[in-house]
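A.B. asks: From first to last, the protein sequence lines are chains A and B. Counted from 1, the first sequence has number 223 at position 223 by this note's numbering; the numbering is strictly sequential. Counted from 1, the second sequence has number 195 at position 195 by this note's numbering; the numbering is strictly sequential.
One thing to keep in mind: the hints can contain errors.
[Unchecked claim] Here are some chain B residues the structure puts well away from chain A; computed CB gaps all over 10 angstroms:
1) 52
2) 79
3) 80
4) 99
5) 102
6) 148
7) 196
8) 217
9) 278
10) 279
[Unchecked claim] Reference listing, derived: stretches of chain B covered by chain A, where coverage requires no fewer than 3 residues with Cβ under 8 angstroms from a Cβ of chain A:
11) 26-36
12) 85-98
13) 134-145
14) 203-216
15) 235-249
Hint data in this document are derived by calculation from the structure and do not stem from the laboratory. Just so we're clear, the structure is a prediction, and the values are computed from it rather than from any experiment. Ideal Cβ placement from N, Cα and C applies to all residues, glycine included.
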Amino acid sequence: MNATARAQTQQAFARALLDPTQPCPTGLRAWNGSDPSRRFAVYRNNVVTSLVDALAESFPVVRELVGSGFFAAMARVYATRHPPTDPVLARYGGDFPEFIEQFEPAQRVPYLTDVARLERLRVLAFHAADAPALSAAQIGRHLSAPQGLGASMPSLHPSVAVLASAYAVVSLWGAHQGAGGLSRVDAMHPECALVLRQDDEVLVIGIAPETAAFVRQLQGGATLAEAVSAAAAFGGGFDLSGSLALLIRHGAIVAWHAAWRPEP
Amino acid sequence: MRPTAAGIGLKAQHVREVLDTRVELAFFEVHAENYMVPGGPFPAHLARIRERYALSLHGVGLSIGAEGPLDRRHLDRLADLIGHFEPELFSEHLAWSSHAGVYYNDLLPIPYDQATLRRVCVHVDQVQQHLRRRILLENPSTYVEFDASTIDEAQFLGEVVRRTGCGLLLDVNNAYVSAVNHGRDAAAFIASLPLQAVGEIHLAGFAEDRDAAGDRLLIDAHGTPVDAAVWALYEHTLRLVGPTPTLIERDADVPPLAVLCAEAHRAARALAAAAAANPEAVS
Chain A
1 MNATARAQTQ
11 QAFARALLDP
21 TQPCPTGLRA
31 WNGSDPSRRF
41 AVYRNNVVTS
51 LVDALAESFP
61 VVRELVGSGF
71 FAAMARVYAT
81 RHPPTDPVLA
91 RYGGDFPEFI
101 EQFEPAQRVP
111 YLTDVARLER
121 LRVLAFHAAD
131 APALSAAQIG
141 RHLSAPQGLG
151 ASMPSLHPSV
161 AVLASAYAVV
171 SLWGAHQGAG
181 GLSRVDAMHP
191 ECALVLRQDD
201 EVLVIGIAPE
211 TAAFVRQLQG
221 GATLAEAVSA
231 AAAFGGGFDL
241 SGSLALLIRH
251 GAIVAWHAAW
261 RPEP
Chain B
1 MRPTAAGIGL
11 KAQHVREVLD
21 TRVELAFFEV
31 HAENYMVPGG
41 PFPAHLARIR
51 ERYALSLHGV
61 GLSIGAEGPL
71 DRRHLDRLAD
81 LIGHFEPELF
91 SEHLAWSSHA
101 GVYYNDLLPI
111 PYDQATLRRV
121 CVHVDQVQQH
131 LRRRILLENP
141 STYVEFDAST
151 IDEAQFLGEV
161 VRRTGCGLLL
171 DVNNAYVSAV
181 NHGRDAAAFI
191 ASLPLQAVGE
201 IHLAGFAEDR
211 DAAGDRLLID
221 AHGTPVDAAV
231 WALYEHTLRL
241 VGPTPTLIER
251 DADVPPLAVL
261 CAEAHRAARA
271 LAAAAAANPE
281 AVS
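The shape of chain A in the complex, shown without the other chains (with noise of 0.2 angstroms):
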């Protein structure tokens, strides 16, 4: 067989894999004479089957919100028209939520799709770098300073994200951890989540709109005062201390950048 004719094989081998319509690859034997195309069966199962064991295993109230079985058939549309790229499995499923928002099937489950977006941050504050939080006192020097606190940059952990959702998405992701009952969820009602990683621990805190727009500036590399301005935009009274004491208590502020000057 030359090199073309194996690089052939090997096609329609993967082929054949993701899509049940295709034939068995021909080329394959068993010792026995018995049609391949059964033991052949054992890598398309095993493939999908692994694939759709991992995305369980990074959207677990996910599955929990639509069953099991509703689930495997979703997860294995996904992973056959979005399979992994790269043997690193902890990054597969980066667009599953996408991919559910446009899964029809999975229309009568609004909040579906936000609640997917939520376990994705988890799965990515779990792996985040590792950084060391500020202590009390260093924060401490820089508030206790008020000349050029408004242009100063508190940083935050690589592991912090926030989600603001039109569902409840921290009440419902709750509800699935033991934590109060689902029926007493409305699940309608707008929610922020802040999503960050604390002592190996991973955690769902719900959090005003303010603070979330408040983070999502920090993250952005804002100034203390612009991060302040664009949460106060939301007319809501804003809560920069009750925010800044969130973010200390769960060690989310990893440096505190003083303004910056230009040289003179």
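Starting from the known structure of chain A, fit chain B onto it as the hints suggest.
C.D. replies: Using the frame of chain A, we list chain B on its own:
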């Protein structure tokens, strides 16, 4: 790593107990790809376990048997991990898992012919040069054979070892699974391998199915205890190769840590017996 070392695959659900109780095991093995993340508990816990135990790093994503070139970025990540954790052993598979930029998350079979042999040897050479170390190559579990194959699997592995200087990870379960699946004799397969190159042994459980003719078709599922037939083949193998670091693999339906440790301790007893029968092998 001592030749009589017995270990288990590290599972996330056991990490806390391992760190708290310091279980009696000679080493742990981890899948390299699970630790290719920026930070967080996985690498942090592995660093702490590394302080107390020997480590074997087992790659599942290099796709050494692929028709296309090796993924340079993945090789770089492996080199970084090896530099960071300094594992005693590094192993990969005689299989492919990626094609045209898609990763299939399974260990897929290759035809055993001269062109494939040359390509696999080029890839093993590249890996060993990039990682600056000898790797162990694992014999696969396979479910189909290729019309294109012209040599048998043991010959193929023997040639890869001879041409590249790599070692073998002899997966005794895979040897048994493939022998049953292809109507061959597992002991004869093992006997015809270059046994002096075996640097590690794997043991695991299989699932059982039937092929289209109703014959046994074993699946390398890693979801059950090591089968009695595989334990017997393992003890037979130790008589041929002498004591060799042995790992219990479990990736599905993971039981409590103590259950896996009990299987590792059974391997440790077989290793001690093999060492007693052949004292020179341990020195």
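A.B. asks: Does each hint hold? Answer for all of them.
C.D. replies: Against the structure, the hints come out as follows:
no.: 1; hint: 52; verdict: holds (18 angstroms)
no.: 2; hint: 79; verdict: holds (15 angstroms)
no.: 3; hint: 80; verdict: holds (13 angstroms)
no.: 4; hint: 99; verdict: violated (4 angstroms)
no.: 5; hint: 102; verdict: violated (5 angstroms)
no.: 6; hint: 148; verdict: violated (5 angstroms)
no.: 7; hint: 196; verdict: holds (29 angstroms)
no.: 8; hint: 217; verdict: violated (6 angstroms)
no.: 9; hint: 278; verdict: holds (35 angstroms)
no.: 10; hint: 279; verdict: holds (41 angstroms)
no.: 11; hint: 26-36; verdict: holds (count 3)
no.: 12; hint: 85-98; verdict: holds (count 3)
no.: 13; hint: 134-145; verdict: holds (count 3)
no.: 14; hint: 203-216; verdict: holds (count 5)
no.: 15; hint: 235-249; verdict: violated (count 0)
In summary, the numbered hints that this structure violates are 4, 5, 6, 8, 15.
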